[in-house]
Each structure stands twice: as C-alpha cells, then as structure tokens.
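**Student:** Here is what each chain is made of, one letter per residue.
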Amino acid sequence: MSSPTLSPAAGRSRPARRARRRPLLSLYTLLVLAWLLLPIAVMVLFGFNDTASKVNFTWQGFTLTWYRHLFAIPNLTSALVNSLTIALVVAVVATLLGTPIGLALGRYRFRGRGSTDLLMFAAIAAPEIALGAALLSLFIVLGVPRGYWTVVVAHVAFCIPYVAITVRARMAGHDPTLEEAARDLGAGPWTAFRLVTLPMLLPGVASGALLCFALSIDDYVITSFNAGRTVTFPLWVYSASRTGVPPQVNVMGTLIFVGGLIIAGANVLFSRRRAV
Amino acid sequence: MPQYSTPFVPRPRTLPPAGPSRRGLLRAAFGAAALAPLAACSVPGARVHVPTGQAEIARAVSGFWAGRKRSGKLDFVNYTQYIDVDPADQSRHPTLAAFTRESGIEVTYSELIDDSASWFGKIQPEFASGQGIGYDLMVVGGDSYLTKYIQLGYLAPLDHSRLPHFARYGGAAFKNSSFDPGNVYTVPWQSGMTGIGYDPALVGRKITSWQDLLDPRLRGRVGMWNDAVQMGNVALLAVGVDPETSTPADWRKAAAWLRRQRDAGMVRSYSTATYQSSLQRGDLAASLVYSGDVFQANQSGSKLEFVIPDEGGLLWTDNLCIPSTAAHPVDALTYMDYAYRPEVAARISETVQFVCPVPDAQRIVARDAAAATGRRRSVLDALSTSPLVFPTTSDEAKLRHLRVLDEEEEKQWNALFEPIYQA
Amino acid sequence: MERTVRTDLPGLTRRRRRPGASLAPYWLILPGWLWLAAFFITPVIVMVSLSLQTGDFIDGFRQTWHVATYADVVHTYHVQLVRSLLYGAAATVCCALIGYPVAYWIAFRAGRHKSVFLFVLLLPFFVSFVIRTQSWNVVLADHGVLLGPLKDLGLLSDGFHVLATPYAVIGGLTYNFMPFMVLPVYVALERVDPKVIEASTDLYASRTATFTRVVLPLSLPGVFAGVLLTFVPASADYVNAGILGGPSTTMIGNIIQTEYFTNLDYPGAAALSFVLMGALLLAVFTYARTLGTDEVLQAAAR
Chain A
1 MSSPTLSPAA GRSRPARRAR RRPLLSLYTL LVLAWLLLPI AVMVLFGFND
51 TASKVNFTWQ GFTLTWYRHL FAIPNLTSAL VNSLTIALVV AVVATLLGTP
101 IGLALGRYRF RGRGSTDLLM FAAIAAPEIA LGAALLSLFI VLGVPRGYWT
151 VVVAHVAFCI PYVAITVRAR MAGHDPTLEE AARDLGAGPW TAFRLVTLPM
201 LLPGVASGAL LCFALSIDDY VITSFNAGRT VTFPLWVYSA SRTGVPPQVN
251 VMGTLIFVGG LIIAGANVLF SRRRAV
Chain B
277 MPQYSTPFVP RPRTLPPAGP SRRGLLRAAF GAAALAPLAA CSVPGARVHV
327 PTGQAEIARA VSGFWAGRKR SGKLDFVNYT QYIDVDPADQ SRHPTLAAFT
377 RESGIEVTYS ELIDDSASWF GKIQPEFASG QGIGYDLMVV GGDSYLTKYI
427 QLGYLAPLDH SRLPHFARYG GAAFKNSSFD PGNVYTVPWQ SGMTGIGYDP
477 ALVGRKITSW QDLLDPRLRG RVGMWNDAVQ MGNVALLAVG VDPETSTPAD
527 WRKAAAWLRR QRDAGMVRSY STATYQSSLQ RGDLAASLVY SGDVFQANQS
577 GSKLEFVIPD EGGLLWTDNL CIPSTAAHPV DALTYMDYAY RPEVAARISE
627 TVQFVCPVPD AQRIVARDAA AATGRRRSVL DALSTSPLVF PTTSDEAKLR
677 HLRVLDEEEE KQWNALFEPI YQA
Chain C
700 MERTVRTDLP GLTRRRRRPG ASLAPYWLIL PGWLWLAAFF ITPVIVMVSL
750 SLQTGDFIDG FRQTWHVATY ADVVHTYHVQ LVRSLLYGAA ATVCCALIGY
800 PVAYWIAFRA GRHKSVFLFV LLLPFFVSFV IRTQSWNVVL ADHGVLLGPL
850 KDLGLLSDGF HVLATPYAVI GGLTYNFMPF MVLPVYVALE RVDPKVIEAS
900 TDLYASRTAT FTRVVLPLSL PGVFAGVLLT FVPASADYVN AGILGGPSTT
950 MIGNIIQTEY FTNLDYPGAA ALSFVLMGAL LLAVFTYART LGTDEVLQAA
1000 AR
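If you're matching them up, the sequences are chains A, B and C in order. Letter by letter, the first sequence follows residues 1 to 276 in this note's numbering. Letter by letter, the second sequence follows residues 277 to 699 in this note's numbering. Letter by letter, the third sequence follows residues 700 to 1001 in this note's numbering.
Pulled out of the complex, with its shape left as it was, chain A reads as follows (with noise of 0.2 Å):
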C-alpha cells in the first residue's frame, strides 16, 4: 500500500503529452475507478437510509437520525473510541521506532545493513494472519491475557517497516552533501541534522506516521488474533454481520472516511505549498 501523500508535482514533473486522446482508455479508467467507490457509495447511502429494523440493506427513505443517535450503541461507540487511541499510539510509536531505521538506511553503510533490509522485507512480506498467529502463540506461551496492549504490541510491529521504507524513500532522493556542507560551516552533528535533515525527512515521517494511523484503524486479521475481548470498529462491525449492521456503522465509517479525505487533503496542499 502506498502513503496517501501524493506529491502534486509527480504531474509536472512531465512535459505535456501530445499523444492522442484514446476515449477508450479513459472510459475503462473511470469505470474501473466507479468500481472502486462503489462499495463507498454505498456504505454511505445506507447511512441515511430510514430503516426500522436491525437488517439494513433495503432502501427506506432518507433519514438524518443516524447521525443523530451516532453514540446510541455504547459497545460500537467504544470499540470506535479503541480503534482511534490505538491508531494514535501506534502512528507515534512506529514512527518513533521506524524514522531512525530508514535514515540508517538511507544514508549508512554499516555491517547489519543487509540483515536490517532483509528484516523489514520479511516483516512485510509475511502474510499478517501468519504475523497474527505468532504473536498469538507468543502471548499463549507466556500466558499474557490479549487485550487493549497486544493489539498496540501487534500493530506497530507491522507498521515500523512501512515507517522505515517511507522514510527511507525520502532519504534515498537527499543528497547527503547538504548536510556536510551545514557540517563544513560549523554546525554541530545535531543542528546539521536539525536544519537541514529534519526538514527535508519531515514529509516521508509524516506520510509513514499517517500510512500507520490508516494501517492500524483498518487492521482486521491481526487485531481479531490478539484483541483478547479489546473490541476495535472492524471487530465490531464484523461481528455485528450476523445479525445486520446498524446504519450507526455507516455513518461511522462515513466519518472515518471523511476525516481521512480531510487529513490526506490538508497532507497534499501542506506539501503543495512546501515545494512550491
């Protein structure tokens, strides 16, 4: 998955084209784009929709109660409040534990390089019900009750690679000559690594810290391992399948989804206005 941080200028960063308009392509563009949002769509269609019963999937009529009556379900409201706090821990700690290792990546040569690489590439790669199932096994092992911590536990240590390879993503495109230069002019280490480093490394962490925040509230398999009876929004809503769904999870789901747009939006025109 990729960082929600789209730089605006990867569009410039071409000459025009001056290729004919296939029709087409762009329609079959669209349409596979339509598919994309259609589940979106709906989802957010059924949070107006007026139904009386738990089963919500026929179209009533339009409503606003749901928004209204959104905290009705105090179970749903609580595992939405657990899902956000631990969305939040964990962007804070990956980030904290991930930045340092892709700018040791991106800018060292050092002995353990390679074994560092090979370490978030496993880590990515492993299938997360294989991850879940370890980290399961551990906690049975040790006899540690799953709840509330095992899922954080669980969370940042799937997010620090993400973190570590946005980063050093960032790092990789960074000439290392601007900082010897600050050196050469008498910077110390840390100012050297404070004016120039920091403030070039700052859209990679901050991309790695929301890519995180997004990984960690959407996560299903990994939680559903080690949640113990912690309930997050995705258990909550998958265990609500059985019976039906309240409109109260679309609506949540719509808000969630509405406060993404508004973070990666504010994240693009923050960068817009930084390369400016």
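Keep in mind the hints are simulated off the structure, nothing from the lab. It is possible that part of the hints are untrue.
Keeping only pairs whose Cα atoms sit at most 35 Å apart, straight-line, the calculated DSBU-like set for lysine-lysine is [claimed, not checked]:
no.	chain 1	residue 1	chain 2	residue 2
1	C	894	B	579
2	B	451	B	349
3	B	687	B	529
4	B	529	B	579
5	B	482	C	850
6	B	451	B	482
Because the structure is a prediction, the values reported are computed rather than measured.
Based on these hints, arrange chains B and C on the given structure of chain A.
**Tutor:** For chains B and C alone, kept in the frame of chain A given last:
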C-alpha cells in the same frame, strides 16, 4: 509519490567470505542458546478436580460463599442484543435499571460475546493467569465450552438457597440439563430452538422434515452453518437419532447425511455470519435457523416460517454463570434470582424473543399486550401466543438436547463435521 | 575552521568521520530492531516451537518435537492450502490485468490531474476493509441493485448468482487489493523517460511495438512489486471467503482461525500458519532475489 528518481543503491556486502568463520559459529551458538528456552516453553494445562456427589458439592458451595458479602456492584457480560431495551433509547435496559433501583446494585452491562468458542478463547488466558476476568456474571452457551469451564474450575458453584425464584418459576424443561446436572454452576438465561426457517413464497410448499433440505427443487438455495455443534446435532436428528444418547457410529451416519446434502449441491453457503440476511433478502429459500431469528425477521417485514421438523428440533440453552474469579459474586447471585421473576423474564422476552425459561412469563406478556396499543400491541400479542417463545407441549415433545462431549469425543466430532463446511 | 584546506581536498570530507559516527546507524536501528526481535522474530520462533508440541487444551501442551503434526495438517488441509494459493494467484492476475491499463492511463493520460486520480484510487483505504467487503454483499445480492434489474429484463436466469461462489471470493480479493497493484505499476510507468518513447516513435516503431518493446519492459519492476504486494495478502486472507464465499471456498486462513479459536488445537494451528508463511515467504524471496530486493522494496515503498 516522490518526484525524484532513486539512485541505484547496490546491495551492501556484509557477509564475510564463504565458509563459517569463528564469529559466525559463535553467533550461531549464541542464537541457539537464546532460542532454547523459547522452544522449551510449554502451555500448562489446568484441569482441576470437579466436585461430584451431593456432599462434596455442598462443601464446595459453602467453601466458595463463606464470608462473601454484597458490594453494590455488578459487571454483567452477555451476547449481543440479548436483553430488553427501551424502545426509545436502545442503550437503556429497563429491567437492569429496575434492578438497580430495587437493590442498590450498580450494573455495568456489556454485550461482547459473539459465540462460545471465540469468547472462551478470549477469556481463558485471563483465567489461566489467575487474575479476574472483570466480570461477575456471564452468559455461556450450553455446549462443550461450558464443560471446559467446569473442568477447568472457572465457575463458582451456585448457592441455591439464595435462588428461590429459580426454584419456583424456572420451567422444568430447562432445569437439570445434561451439561450441568442439578444446575450446580448455571441457570438458564434464554433458550432457543434450532429448526428450519424458510420463505414459503420461494419454497412453494410446506417444509416439515429435515429431508426437505435434500429436495432437488431447493438446490443451491439452502443455508447451513459453519458450526460443528449445531450441524452435528441437527444431522443426528435428520438421521433419526436422539443426539443426547448418540454414539460415534451415529455421528458418522449424520456426517454422511450432511455430505450427501453437500454433494447434491443443495447448500449455497455454510455461514453463521450471513444466513440471516441472506434468508431475508431471498438469496436463501430455506436455512438452518434459530427460532428467534425468524420471529425478529418477521417483525421487520419478512414473511418467513419456522418449523420444528417431524424428526425433531434442537432445544439449546444459554446459561447464566458466575466466574470463580468474580469480584462481586453475591451481587451476581442476587441478579440471577431477580431474572427469574416472571415479570422480569417477560420484559426480557418481549425484546429478545427467544424461548423463555420462565413459563409464567407468558401470562405477563399477554397482560402487557392487552394494555399496549398500536404496533407494540400486535408484536406482544404475537409474542404471547407464539410457540417460538413459549413452546407448546406438542412442540416440546419434539425437542431434543445437544450432545455433551468430552475432550476426546469432541476431537472425533470436530474431525467428522468440520470438513463438511470447511471443504 | 580550516575550510580552505578542505575545499582544496574535497575527497577528505567524505573520509573524515568522527569516531562516534560509525556507531550512529546502530543506535538508530537499535530500538526498532529490539521491537521487531521481541514481537516479530521471537513470536515466529515460539510459533514453530508450539507447532511441535503435543497435548490438549485442558491438560496442557508439552514440547515433544512432534514433527508429524506438519504432515498431518498438510495432508488434511492441502486442498484449502492449494486453493488459497490459486485464489491468490487468480486475484493477482486479475489485479494486474485490470490495474495495468488504469496505471498506464493515470501515468500518461491524466495530465495535470494525476494526483487527483491517484487519490481516488486510494479512497477505498479510508473505509474499513470489513465494511467494504460487506458492501459487496448488498450490491451483489441475488435480487439486488445489480442482478435484480438484469434478471427482470430476462438477461440472466433467475437462479444466477455471484455471491457464494469462488468468483465472488476472487472478485472480493481483486477489489480489496487492487490499489496494491496499481500504485507500484504507476510509479514504474511514471519513471519511464518520455525521451525513450519519443526515440522509439522517431525510429518508426508502431504504437503497439513501442508499448510491448519499450514501455512494458520498463514498467515490469512495478508489476513485480505489485504482484508481490497483492499475492501474499490475497492468499492469506480469510475475510473475503468468510463473507462472500460459498460451500467450497474455504481458504487456509479460515482453517487457521478455526484451529486456533474453535478447536483450540494450538500445535496444528501453529503448524499451518508456519507452512503458509514459509510457502509464501519462500516464493517471495526467490522472486525478490531474482529481481533484487532493493528494487522491489523501493517500488513497494511508494
């Protein structure tokens, strides 16, 4: 998307030249030494001695309850949507509020249980680590997991001297079950029947027998479950065996019946997660269902029918029990007894619409119906006369109980029935 | 200080490192390594250890180095294991076939609005995976918004259904993992130097030839990265099979879940998880080795 191109970074050569170096060997030795304890880690078992016989049980009861006092708090955990709610505000539960008003016990109520298996998996480590699970009262299905709880000593033996309402109002059909003879650890919370739910418009005739689920006209439109306990017991009924007294030979016959159904392409999907919505949408014509599912679906506009097939249906029971680690067991016991007052049981039934273990509640529901108006009245009227909630004696005669399995039997059972829905 | 000396000898700046500097990368990677050692490497080892134990849940599990468990689970569940890999492969191929033209269009035809379209591509990630998958249950219902009208028009037979078939599961997987394919392909295409394409047309290559002999080969690393990012999670997924599947679509993930949570057969579950992980990682590493880890990883990073 970074807009710069990445200079090619050659893979650094970190490995020493070929051949094991001294350092390499040392490292390997270190590694192995560090890993050895990991490999040796085992998962301890926790079987305890389960008291048997009147005297021993009585000792266990007095041992557990001696010196316990009411504390004014109660943490109650339940399956989802399994207690009464205030129609105006779904987060309120009138019977719990009334209980607090009357007894002064504050109730923290949560609905976190999806099914026995996953719940057991979730709380077992907390039991095993010896700390409390944070609940004083929980609802546990009457299946092999309940047996596990008992064998592991996770449940408190109940002091029946403090459960007068259970003794007086608890329906005879619900007492003294095979998984907990004498109700030493549990009392029923709600019961339910497993039978066939179908849409008469799609099926085009009456369904009366389990064999109807082999009817070629329903090919590809039958819903079954990915639940070994229910599937196995249902199939035993289908082959004409009472599950409670069934033998492994009968199980094989039952599994063969399910396999025949499967191989004939009858089944659309084996899923406890989707059968309800699929049945209501018409994606399924007939499905294995719980009695309450059909009643609830019909309340929201469906026209489904529930049938207890001629060969028999299953009567299962979800039970209230008190974890042995409970911090407020006396309060839990107080609530247990409270739940057996007919008027309380009636209120709960009016919402959850499963089989009520308190027969006297029927009278109260009928009275409430008479007093209600409009839509609510029709719901309550339907409820008070519904054989799905208060089974008739002829229905009761057709109902059978789940087979209780020990560890070894459960392995055999799962090995027979799981492959059918996990093909 | 002595700047003049150094400008005279620029090579010195590179070599002149203070003694502490050589340790810097180790300090940087240490915390992250520790975390992953504790919560990634150790758990995998413990899982392997658990898979070799025997016993039952009530009486406990003890280490007996019982390797036969592996043979047992592979024998019992080889159908589901193979099916998972097949479904994963099918979904990956679908993703590549459907996704490549989209990536191509965004990279070469979207003009100034590239980032907008990339953003649209990422939108599904802002909606919970579980909700997205369930939405298909509504959309694809036998008489739902999609199939209902087609059946009313008589274009489809009444018994036709998509849900509860392998197609629904593969479709769900394709849907859910599509962006994992499109993005790396897009990045690779984006990097293709337009001068190369111009050169090709200048040399009178047909449009097809330009594509098959210039653009496609240059974008292959992106496709490889996409294959990797799609195949692994798609093969190991069990949510799609659980929500959209039918009577014979059980994937290995569903089995692992049942083994852990319903059967409490921890050794069997651990063995299966390890087999799955081993099979996938082996495939992935061979794949990455032939293509170069760095290249794949970097494509994966975008």
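**Student:** If a hint holds in the structure, say so; if it doesn't, say that too.
**Tutor:** Hint check:
With a C-alpha separation of about 67 Å, the suggested pairing of residue 894 (chain C) with residue 579 (chain B) is violated against the 35 Å cut-off. Restraint check for residue 451 (chain B) and residue 349 (chain B): the C-alpha separation of about 28 Å stays at or below 35 Å, so the hint holds. The suggested pairing of residue 687 (chain B) with residue 529 (chain B) holds, with an alpha-carbon distance near 17 Å, which does not exceed 35 Å. Restraint check for residue 529 (chain B) and residue 579 (chain B): the C-alpha separation of about 34 Å stays at or below 35 Å, so the hint holds.
Restraint check: the Cα-Cα separation between residue 482 (chain B) and residue 850 (chain C) comes to about 26 Å, which is no more than 35 Å; the hinted pair holds. The suggested pairing of residue 451 (chain B) with residue 482 (chain B) holds, with an alpha-carbon distance near 33 Å, which does not exceed 35 Å.
Checked against the numbered hints above, the structure violates only hint 1.
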